[in-house]
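Student: Here is what each chain is made of, one letter per residue.
2 protein chains.
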Amino acid sequence: MDLDLEAELSRHTAKSVVIVPVILSGGSGTRLWPVSRESFPKQFWPLASGKSLIADTVLRTLGGEFAPPMVVCNEAHRFMVAEQLREAGVTGARIVLEPVGRNSAPAIAAAALIVAQDDPQAVICMMAADAAIPDSTALRHALIAAAEVAHSNKVVTLGMKPTKPETGFGYIEMGAPLAEMAEAHTLLRFIEKPDPDLAETLIASGKVLWNSGIFVFTVSTLLEELQAHAPHVLATVRRAVDARTGDLDFIRLGREEFAACPNISLDYAVAEHTTRAAVLPVDFAWSDVGSWSALWDLGEKDNAGNVAVGDVVIEDASNCYVRSDGMLATVLGLEDAILVVTEDAVLAAHQDRAQDVKKIVERLKAQKRPEATTHNLSYRPWGHYEVLILGDRFQVKRIVVKPGEKLSLQSHFHRAEHWVVVEGTAIVTRDTDEVFVRENESIYLPLGCRHRLYNPGRISLTLIEVQSGAYLGEDDIVRYEDTYGRS
Amino acid sequence: MDLDLEAELSRHTAKSVVIVPVILSGGSGTRLWPVSRESFPKQFWPLASGKSLIADTVLRTLGGEFAPPMVVCNEAHRFMVAEQLREAGVTGARIVLEPVGRNSAPAIAAAALIVAQDDPQAVICMMAADAAIPDSTALRHALIAAAEVAHSNKVVTLGMKPTKPETGFGYIEMGAPLAEMAEAHTLLRFIEKPDPDLAETLIASGKVLWNSGIFVFTVSTLLEELQAHAPHVLATVRRAVDARTGDLDFIRLGREEFAACPNISLDYAVAEHTTRAAVLPVDFAWSDVGSWSALWDLGEKDNAGNVAVGDVVIEDASNCYVRSDGMLATVLGLEDAILVVTEDAVLAAHQDRAQDVKKIVERLKAQKRPEATTHNLSYRPWGHYEVLILGDRFQVKRIVVKPGEKLSLQSHFHRAEHWVVVEGTAIVTRDTDEVFVRENESIYLPLGCRHRLYNPGRISLTLIEVQSGAYLGEDDIVRYEDTYGRS
Chain A
1 MDLDLEAELS
11 RHTAKSVVIV
21 PVILSGGSGT
31 RLWPVSRESF
41 PKQFWPLASG
51 KSLIADTVLR
61 TLGGEFAPPM
71 VVCNEAHRFM
81 VAEQLREAGV
91 TGARIVLEPV
101 GRNSAPAIAA
111 AALIVAQDDP
121 QAVICMMAAD
131 AAIPDSTALR
141 HALIAAAEVA
151 HSNKVVTLGM
161 KPTKPETGFG
171 YIEMGAPLAE
181 MAEAHTLLRF
191 IEKPDPDLAE
201 TLIASGKVLW
211 NSGIFVFTVS
221 TLLEELQAHA
231 PHVLATVRRA
241 VDARTGDLDF
251 IRLGREEFAA
261 CPNISLDYAV
271 AEHTTRAAVL
281 PVDFAWSDVG
291 SWSALWDLGE
301 KDNAGNVAVG
311 DVVIEDASNC
321 YVRSDGMLAT
331 VLGLEDAILV
341 VTEDAVLAAH
351 QDRAQDVKKI
361 VERLKAQKRP
371 EATTHNLSYR
381 PWGHYEVLIL
391 GDRFQVKRIV
401 VKPGEKLSLQ
411 SHFHRAEHWV
421 VVEGTAIVTR
431 DTDEVFVREN
441 ESIYLPLGCR
451 HRLYNPGRIS
461 LTLIEVQSGA
471 YLGEDDIVRY
481 EDTYGRS
Chain B
1001 MDLDLEAELS
1011 RHTAKSVVIV
1021 PVILSGGSGT
1031 RLWPVSRESF
1041 PKQFWPLASG
1051 KSLIADTVLR
1061 TLGGEFAPPM
1071 VVCNEAHRFM
1081 VAEQLREAGV
1091 TGARIVLEPV
1101 GRNSAPAIAA
1111 AALIVAQDDP
1121 QAVICMMAAD
1131 AAIPDSTALR
1141 HALIAAAEVA
1151 HSNKVVTLGM
1161 KPTKPETGFG
1171 YIEMGAPLAE
1181 MAEAHTLLRF
1191 IEKPDPDLAE
1201 TLIASGKVLW
1211 NSGIFVFTVS
1221 TLLEELQAHA
1231 PHVLATVRRA
1241 VDARTGDLDF
1251 IRLGREEFAA
1261 CPNISLDYAV
1271 AEHTTRAAVL
1281 PVDFAWSDVG
1291 SWSALWDLGE
1301 KDNAGNVAVG
1311 DVVIEDASNC
1321 YVRSDGMLAT
1331 VLGLEDAILV
1341 VTEDAVLAAH
1351 QDRAQDVKKI
1361 VERLKAQKRP
1371 EATTHNLSYR
1381 PWGHYEVLIL
1391 GDRFQVKRIV
1401 VKPGEKLSLQ
1411 SHFHRAEHWV
1421 VVEGTAIVTR
1431 DTDEVFVREN
1441 ESIYLPLGCR
1451 HRLYNPGRIS
1461 LTLIEVQSGA
1471 YLGEDDIVRY
1481 EDTYGRS
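Note that the protein sequences, when read in sequence, are chains A and B. For the first sequence, the positions run 1 to 487 when the numbering used here is used. For the second sequence, the positions run 1001 to 1487 when the numbering used here is used.
The shape of chain A in the complex, shown without the other chains (with noise of 0.2 Å):
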C-alpha cells in the first residue's frame, strides 16, 4: 500500500471531526471603493489572488474534514454568489438568502438552524467571505484543532498572533491555557480598535491577538448560547428559517421574519458575554482586506515598494498601490499614494488616509451619484451586460450570454432594441416569430413587441445591443416569463 495514502487513510480515521464552513457574505466594502460598491462588493472580486476573496474562502476549507460549505449572502447577490462558486468548482453549497442584511448573529444563528436539522452536533466553522489567508494548510490545521476544542461546548475564535501594533483591527486578551487543550487559551476580553498609544501597549503585554472573526463552536452550543443571551434574536431568526422557501438553489429566508430581526453582531449578541468562550492562537498570515492599503501590505512590491495591479506604467514613485481595472493608469513621482482605476471612477489617495475612502463614498450617495454603490457591468443569471455609452435618447449595451441560458420573454413601452451578434448564434422570439440571428447579422425590436433571446450555443453569445428611445430606465420592462422567477 502507497504509505503516503496509509497515512492519509488513518489521518482520516482518527479524526471524527466533520466541520461545516459557514461563510458570511456580508458588507459593502466602501473602504474598497471605487472598485467595491453595494452593487457588487469586495468579496466577488479578485483583490488578492486571481479568484474572488469569496472563491478563495470557500475553496481554503473544502473537502477533507470539511462538509460542502453554506454561504449566507444577500439576496441581490445570489447569482453572482451562485456563479463564482460554480467558476471555482464548488458543488453542493448551500446558498441561504438574507432579505436584508442583518449583520453576524441573525446570519449565523440561520446557518446554525438549517444545518441543525441535519445534526445538532455538527462543528461550525464561521468565516467572512473577504479576508485573505494565503496559507490554506494552516488554516485548516487551525479550524481542525478548533473543532475538537469547539467539542467541549466551548466557542472558539481563531487569534492571529499580531506582527505590528495595527489600529484597523479589533484584540483578544487571552487567559490561561485550558484544561482540556493547552494550545487554546480562555478569552478574556474583546478590544475594541485601539488608538496608536493603546495599539503599542497591547502588543507590548504580550497577551493580546488580533480579533479574526472566525468562530468555531457546534451548532447546540451556538444555539444554547444564543438562547442565554439574545433570546429574541434566535426566536425571530427560527421564525424566519421557518417560512424559508427553496427557489432554484437557494435558500430564501422568510423576508418580514428577518426584517424583524436586530441587527447585531456574534461579538455583541454572544462572545462578548458567554462563559465558554476560548481562543486559539494562530500563526500565520492574515488580511481583513479592509482597505487599499491592506492590499498594499498583501500585494508583490518592486524595489521601490510599489504594487502594481492591472495596466499600471509607473514612473519614480514608491511605496504606492496602483490598481487598474480597465484603462492604462500612470504614476509620476508620488510617494506612498494610492491610484485605484475602474470602468468610470477614479481615486487617488494617500495611503495615510485609505480608512476615510468612505468619506468619499459618503459625499458620492449624498450627491445620489451611481458610482457610489453601483458598477456599469451588473450580472444576471443568463450572464452579464455593460453599458457602454449612454446618451440623450439612446443606450449601447454589451450583453454576454451563456451557452444555454435564456433572457425573460419581454417588452418594453418606451424603447425599440436593435441587436446585432458578434460572437456566437442567438435565437431570438419576436412576437410570434422565432429567429436564428448569426454572428455579424442583427434584428430590430420595435417599442411594445415581446421579445426574448436564447443562447442555443455552446460558446457564449455577445451582442451590442442599441436602444433609443425617450426613456431607458431598467425598469422599463414588463416580463412574460422568466426561468429565473423574475416575472
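What the hints contain is simulated information worked out from the structure, not anything from laboratory work. Certain hints may be false.
As the list claims (entries may be wrong) - Derived DEER-like restraints, expressed as beta-carbon distance ranges:
| hint | chain 1 | residue 1 | chain 2 | residue 2 | range |
| --- | --- | --- | --- | --- | --- |
| 1 | A | Asp352 | B | Ala1138 | 42 to 52 Å |
| 2 | B | Ala1470 | A | Pro370 | 46 to 56 Å |
| 3 | B | Ile1477 | A | Arg255 | 52 to 62 Å |
| 4 | B | Asp1197 | A | Ser136 | 35 to 45 Å |
As the list claims (entries may be wrong) - In silico BS3-like pairs for lysine-lysine, Cα to Cα no more than 25 Å straight-line:
| hint | chain 1 | residue 1 | chain 2 | residue 2 |
| --- | --- | --- | --- | --- |
| 5 | A | Lys301 | B | Lys1359 |
| 6 | B | Lys1301 | A | Lys359 |
| 7 | B | Lys1207 | A | Lys397 |
Think of the CB as a built atom: it goes at the ideal place given N, C-alpha and C, for glycine as much as any other residue.
Chain A is fixed; fit chain B onto it per the hints.
Tutor: Same frame as chain A, but now just chain B:
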C-alpha cells in the same frame, strides 16, 4: 453721432497699422499628456478656458487693426483647425499646411512669403497657438505698439515681466531704450531655461524678461534677416511655397520641398543673430501652458489651493490640479498632486515632476501603446467618431456627421457594418440603392458592399456603428469618391 462710435472711428483713422496674426500650431505638448497627444495636441483642447487654446489665440487678435489670421499647422490637423475656427466664428482665415513639422523658422518663413505676395510691407505678428493670455486688450495694445517699432525694420519680441524665478521659460536680457520708441529696448541676448540659482540671479538683476515667443516684424524685415542668417531655410521654404497647391480652404506647401528644409526655430535661425532685435516689455498675465503645473497656476483655486476641472470630488487635499474629461475623478488626502483622467488613460503625478510627464509618454511610445499618441475621439472633415469598445472580432463606434456632410464612397474587405441611427436622419448609399434611414432605424452593410453615408438634415446625425470581422483596422478601406480629396 454716437460718441463711442466716433471714438472708435477716430482710433481707426489714427492708426495706419494693419497686422497679420500668424498662428503657429506646432508641437505635440507631450507634457500635457494624457489630454494632449500627437493626434490631438494641446492647442485643440479647452485647457485654459471654455474654448480651445487655438480658438482663444485667434480670437484675441480678431478685427480692428488686425487682418484675418493665418494659421500654419500640420497637415494632419487641418480639419481640426478648420472646425475650431468655424466654431469660434472666425471667417477669412488662411490655413497653411505643413506636410511635416520643421519648427518655427520654416513655418513663419512660409507665412511671410505668402503674405508678401499681397503686401511686402505688411506687419506680421507671430504667436504660438497654445499660450494663455487672459487680457486680450492688453495684448492687442502691446502688439500695436510693437508693430510701430517693427516699421523701423526691427525684429520685435514681447518680453513678459517676470513674476517669479521660473525655470521652465527662456529669458531675454534687455539693453537701453530705443531712440525710436522709449517703451521698447534693445535686446542684448536670449538666455536658455536657467537652473534655479541662475533664475534667482536673473530676476534680482531687474534686467530680464521672459521670452514669450511672440515676434512682430514686417514681412520684408523678416525675409531680409532670413536671407542674411538662414539663407538655406529661406531658399527651401521658397521652393515649398512655389510648389503649393490649393486644397479646399487650405494652402498645402510642397511636400518634398518643405521636407528638405532644416528643422530650426526662429530664435536660432534669426533672433539670436540679428542686429535689429528689440524687445517690448509688457506686464500682463501670460503662460506657455507648458505643463499641468502651469495649468494649476492659471486655474481658479478653492480655499485649499486645489484646481478642479470636470467631474471631480476632492476631500481634504491641497494644492492639487485635478481634471477629468470623462469619468468621475476623486482625490483624498493628497498634497501638491496632479490627477488627469481621460477616456483611456489616467495620470497621477507630483506637481514638482510636471516637466517629466514626457518620460511617461516616451515609455509608452517605446511600448508602442496607442495611448501615447492617439485619442479614441477622431476628427474628420465630416464630423467625428469615437471608439466605444474594441473587441476581438468587433468594434463599436459612435459616429457624428455634421448637417449636409457626406463620408466617402467606400468598401471594406474584412468587415461588415451595422448602422443604427439614434439621432437625425441618414441617406445611405448601398451598392446601387439609396436608403433613407430615420431615427431608430438601422441598416446592414455586408462585407465588400460599396457604401456611403450622408446627412441631408439640418441637425447632426448620430449613429452607432457595430463593425464585425476578422480585421478591423482603419486601413481596411477602399475609397471610390470623396468630397474632401481623400480618394
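Student: Does each hint hold? Answer for all of them.
Tutor: Here is how each hint holds up against the structure:
1. For the hinted restraint 42 to 52 Å between Asp352 of chain A and Ala1138 of chain B, the CB-CB distance of approximately 45 Å keeps it satisfied.
2. Our hint of 46 to 56 Å for Ala1470 of chain B and Pro370 of chain A is violated, since their Cβ atoms are close to 37 Å apart.
3. Hint check: Ile1477 of chain B to Arg255 of chain A, Cβ distance near 58 Å, so the stated range 52 to 62 Å holds.
4. Taking 35 to 45 Å as the suggested C-beta distance range, the pair Asp1197 of chain B and Ser136 of chain A does not conform, at roughly 60 Å.
5. Straight-line distance between C-alpha atoms of Lys301 of chain A and Lys1359 of chain B comes to about 22 Å, which keeps the hinted pair within the 25 Å bound.
6. A C-alpha spacing of about 22 Å is found between Lys1301 of chain B and Lys359 of chain A, which places the hinted pair at or below 25 Å, so the restraint holds.
7. Straight-line distance between C-alpha atoms of Lys1207 of chain B and Lys397 of chain A comes to about 62 Å, which puts the hinted pair past the 25 Å bound.
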